[in-house]
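For the record, the sequence lines run as chains C and E. Start counting the first sequence at 6; every next residue gets the next number (the numbering used here). Start counting the second sequence at 654; every next residue gets the next number (the numbering used here).
One should not assume that every hint holds.
If you anchor each label on the Cβ, the simulated ranges turn out as follows [what the hints assert, rightly or not]:
#1 Pro995(E) / Val311(C): 43 to 49 angstroms
#2 Val430(C) / Thr804(E): 28 to 34 angstroms
#3 Leu196(C) / Asp927(E): 42 to 48 angstroms
#4 Ser1018(E) / Arg298(C): 47 to 53 angstroms
#5 Thr947(E) / His302(C): 30 to 36 angstroms
#6 Lys1045(E) / Gln295(C): 46 to 52 angstroms
#7 Arg428(C) / Ser859(E): 25 to 31 angstroms
#8 Pro412(C) / Arg762(E): 32 to 38 angstroms
#9 Arg747(E) / Asp408(C): 52 to 58 angstroms
If you are wondering where the hints come from, they were derived from the structure by calculation, not from laboratory data. Glycine residues also receive a C-beta, built at the ideal position from the N, C-alpha and C atoms.
Residue strings, one per chain:
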Amino acid sequence: MKTKTQTPVEVLEPARTPAVKIFGVGSAGVAMLDTLNGGDFSDAAFAAVNTDAPSLASSSAPVKIQLETKLLRGLGTGGDPERGRAIAEEQFATLKTACDGADVVFLVAGLGGGAGSGISPVLARAAKETGALVLAFVTLPFLCEGNRRQQQAESGLDLLRSVADGVICLPCQKTFRLIDENTSVLDTFRLTDGLLMESVRGVWRLLTRPGLIRIHFDDLCALLRDRHSESVFASVEATGPARAREVVEKLLAHPLLDEGRALAESSAVLVSLMGGRELTMAEVNRVMEQIGRHCEHAQIIMGAAVDEALKGRLSVTVIAARQGPVPMELPPLATPGNSGEQVTSRGVVARPGSRCGSPAAPLTPEQREQILAKNAGGRGRMAGPKMRQAQLPLAIISKGRFDKSEPTIHKGEDLDIPTYIRRGVALN
Amino acid sequence: MFDNDSSIVVGLEIGTSKVCAVVGESREGGTDPAKAGLNIIGLGQARSRGVRKGEIVDPAQAEEDVRNAIVEAEQMADVEIRNVYLGVTGAHIRGFNNRGVHPVVSADREITEDDVQDVIKNAKAINLPTENNVVHAIRQHFFVDGHDGVTNPVGMLGSRLEVEVHVVHGNTNRLQNAIRLVKGLQLEVDEIVSNGLASSLALLSSEQKELGALVMDIGGGTTDYVVYADGVIKHTGVLAVGGDHVSNDLAYGLKVPLSRAEKLKLEHGAALVDGECRGRTVTITNELGLPLKTVNVEHLRRIMSLRLEEIFQLVAQDLEAAGLFDYLRAGAFLCGGCARIPQIATLAGQVMQMPVSLGQTNSVSGLKSALDQPEFVTAIGLVKYGSFKTRKREARPSLARGLKGAFASFLRRP
């Protein structure tokens, strides 16, 4: 495990509300930040980060960071993550200062474009270097937005995963199940924004609201830190006498949880229950029992809290984290790596097109110097991403001879997939 | 062979890894009960190619395999096979307990044979989905005026007769697939029998049934399990995971072709990862003896062990949910091809916390080679089931009926 100088201090002061900074990155992120800003995030500091001046101008965030150089001539990144990445690397110091003083950094972005996919991994790294816990809330583009954006989003997500403590990712495509024929484009985007915001709010509540059974800040850290998890989330509400049962039913039918399948596959599940003053222990117990039955292999962290505003309603937020494939270390600066096989600094061969992050670029001497200088000035190696033996992730698990036969699903688990993979047993 | 007090019973199991036909000779014994019994006189088997997870996916190939197995069995037993008891399995087969009620209306409140028949009929009237069909409705215990534990209520007094039955049902179309295939070979299907039930018949003695026992038949594509308690079947289940999954996991995990994985499983597999295999490697060679790849035995064992452990865990969970764990005083018995895996009983014992042993067929005589193999337990069980049925059904047909039957069956054959 990584030793970090601040960690013991955080653990020793459980009563302190952690300082939260919320960053919106890219045009989509900035727009989502605005919807958040109007809500109940009174203690959080907001900052909008973008390359695009008009988008920043319309934002209501108190801190606006425009990453601009002559290079871009005020035209933004033009949808190219590499440009976004390059410019963020250039302004790494600025980003780091912006993150200073935060215990938790929330990063809100829409992946797929230049700024969102390019800047957010760098920002996450900057935040991590200041010692903060980084949680990224991102959307993936709709499939109809095209291949290129999808690929950019995927690679952006991989990079983000390798640096952030936790990534909560909402593929917009999944929201198709929530909308009907007549839903307008505007409403759809509002819906996806809303869903993502719901999860930000859920985590926020976990951290700040007085709890009957409180989830401590370090619990969340323990769940997410260095696990490099990929997460799904769902938030549901119900009222009435049978609300505990209803809430679970809704949860298991939730499209984002793949009808409960995501729960079965997860290695850690965080459940936060919110109710008015009338929230009973029996209800909490009933909900937890049901959820527990569906994720037997998972470590469950639960919290229950009272919010006066939720009169008669029971709201449950679930974040299910799956042990993601062990990612590669974020290469310092990537350029399109399509020129055949390249060997990264640690001698691991990464094939182009594989999902293990982009291969390292051949660095020019200036770039190398620049990066070295940054590392020397920072907290040194300890604060950087942890060194770890890289492993190629198994993106698609083939079911071999059972590929075409009816799958054997048992409590949401596909038993045709080798057990050792489902249980995450490494063969070394 | 053609004397009147013996009859031929054939069990046919169309399994995922092999098709197996067993011919049994059931003797009545006449006046001497010691001579009554079941004798296995023939065995035919063929590699199965058209079956996945216990269900037929390629009827043409499966038909050929069944034909080969039947022909082999016919030659060995020197009989002509016309009727078979067919074993069925698959994930669609489920079991549950149901209860039937019947008021005793006669004036003196004595329970008669008719009442018993009625109550069983009531218990069999079950609301199933329209596409499902009952495979078995097995009688458990009777209740007379709410008192349980009555095994034969005829002659008792009471006003309310109830019976519990264990109903095994499955999807009609999927059951018909196997039946049609067999009928296509000009064979009559006497009855279909769930594989788990057949295996338990072959393995368990009546004391073991009374004590309570679990039979797990871990075959190629499915794991069938049956729980006996207090002498009756309490629970049955099919898990569509078996030895095929083990091979597939190995092929995937060790990155070798499936056929090679199968071979590695047989040669180096075991259910437990012990210290002895740590760091040991096996070199795979091609047909010329040149080394192709080196496989770590520890990985192989770990992959196998995890899969098998999971199978036992899933079955244990199911039994736990049914509340049957405390009834299994005789422990668990394993059969099916996977029972050959070394140390599997130890692993099962560790997971399920009960005595586990490999099952031995009992009260059957005949070919010793067939009786000792765990793969043939189901087919032998089918023969045993068949012999019970024929013994019960036939009260010695009259000569005229017998002749008529012989002609009829002669005409049915082309």
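These are the hints, each one checked on the structure:
1. Pro995(E) / Val311(C): 43 to 49 angstroms: 57 angstroms, violated
2. Val430(C) / Thr804(E): 28 to 34 angstroms: Distance hint for Val430(C), Thr804(E) is violated at roughly 49 angstroms.
3. Leu196(C) / Asp927(E): 42 to 48 angstroms: 55 angstroms, violated
4. Ser1018(E) / Arg298(C): 47 to 53 angstroms: 48 angstroms, holds
5. Thr947(E) / His302(C): 30 to 36 angstroms: Taking Cβ atoms as reference, Thr947(E) and His302(C) lie about 32 angstroms apart, which means the hint holds.
6. Lys1045(E) / Gln295(C): 46 to 52 angstroms: With a Cβ separation near 47 angstroms, Lys1045(E) and Gln295(C) satisfy 46 to 52 angstroms, so the hint holds.
7. Arg428(C) / Ser859(E): 25 to 31 angstroms: 40 angstroms, violated
8. Pro412(C) / Arg762(E): 32 to 38 angstroms: The hinted range 32 to 38 angstroms is violated for Pro412(C) and Arg762(E), with Cβ atoms some 54 angstroms apart.
9. Arg747(E) / Asp408(C): 52 to 58 angstroms: 25 angstroms, violated
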